[in-house]
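On the provided structure of chain A, position chain B as indicated by the hints.
Going down the list, the sequences are from chains A and B. Residue 30 in my numbering sits at position 12 of the first sequence, and the numbers go up by one each step. Residue 497 in my numbering sits at position 86 of the second sequence, and the numbers go up by one each step.
To be clear, the hints were calculated from the coordinates, so they are not data collected in a lab. Do not rely on the hints blindly, as some may be mistaken.
[Unchecked claim] If you anchor each label on the Cβ, the simulated ranges turn out as follows:
#: 1; chain 1: B; residue 1: Met438; chain 2: A; residue 2: Ser45; range: 29 to 35 Å
#: 2; chain 1: A; residue 1: Ala113; chain 2: B; residue 2: Gly462; range: 16 to 22 Å
#: 3; chain 1: B; residue 1: Gly464; chain 2: A; residue 2: Lys96; range: 43 to 49 Å
#: 4; chain 1: A; residue 1: Asp73; chain 2: B; residue 2: Asn473; range: 35 to 41 Å
[As the list claims (entries may be wrong)] To be clear about the criterion: a stretch of chain B counts as covered by chain A if any three or more of its residues have a C-beta under 8 Å from a C-beta of chain A, and this derived list gives those stretches:
#: 5; segment: 460-471
#: 6; segment: 479-490
#: 7; segment: 510-520
In this text, a Cβ means the ideal position worked out from N, Cα and C, and glycines have one as well.
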Amino acid sequence: ILNVEQSPQSLHVQEGDSTNFTCSFPSSNFYALHWYRWETAKSPEALFVMTLNGDEKKKGRISATLNTKEGYSYLYIKGSQPEDSATYLCALGGAGSYQLTFGKGTKLSVIP
Amino acid sequence: NAGVTQTPKFRILKIGQSMTLQCTQDMNHNYMYWYRQDPGMGLKLIYYSVGAGITDKGEVPNGYNVSRSTTEDFPLRLELAAPSQTSVYFCASSWVGEGNSPLHFGNGTRLTVT
Numbered sequence: 019i020l021n022v023e024q025s026p027q028s029l030h031v032q033e034g035d036s037t038n039f040t041c042s043f044p045s046s047n048f049y050a051l052h053w054y055r056w057e058t059a060k061s062p063e064a065l066f067v068m069t070l071n072g073d074e075k076k077k078g079r080i081s082a083t084l085n086t087k088e089g090y091s092y093l094y095i096k097g098s099q100p101e102d103s104a105t106y107l108c109a110l111g112g113a114g115s116y117q118l119t120f121g122k123g124t125k126l127s128v129i130p
Numbered sequence: 412n413a414g415v416t417q418t419p420k421f422r423i424l425k426i427g428q429s430m431t432l433q434c435t436q437d438m439n440h441n442y443m444y445w446y447r448q449d450p451g452m453g454l455k456l457i458y459y460s461v462g463a464g465i466t467d468k469g470e471v472p473n474g475y476n477v478s479r480s481t482t483e484d485f486p487l488r489l490e491l492a493a494p495s496q497t498s499v500y501f502c503a504s505s506w507v508g509e510g511n512s513p514l515h516f517g518n519g520t521r522l523t524v525t
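Just chain A, with the same shape it has in the complex:
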């Protein structure tokens, strides 16, 4: 079982602020890193899947980077909006495994 850590556990930001949070994972046995956005009362929705060291992905105001050598990924949100309020999950896929190991998530609240 791989250990995936997310920080912070929760944060509150003002509308318009930019923010970022971290996903840490064991750098050995890495295969893929996923980010999901999970709004209350809905199901998780995929944001990014990254597999290569140095990968950068972007979707609108949200972007992510990946460092497999040191075992971390950052998720950035530029100019946060109230609709960005959600829990952001990262999940690690290990080599040779069909299982994803999920972190506990970072709960973001954007204050209007």
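Frame of chain A; chain B shown alone:
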């Protein structure tokens, strides 16, 4: 295109009762998964399937059974419900396995065992 459909959305069971959580997907995905979500914990994998007729245990399989008779359907069976199985259950599917493609999740089933 409905994606991943789970039923029921809510259910209350008494200790010792059994039930089946239904999951179906219309995306022709080979890979399907059952996760449970407990407060303060990450999603935990219960069972997964890499194709029709093939299933395997995940991290927390005890107390559950699955079957995969068709590509579309992946039901999860609770034989003797226990309070520890109170949780929110998510079914998911993906185009390929080994973490290469994103998971598509159903809307979840909130189960309470009393």
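(request) Provide an ascending list of the numbers of those earlier hints which the structure does not satisfy. (result) The structure conflicts with hint 6 only, although it agrees with all the remaining ones.
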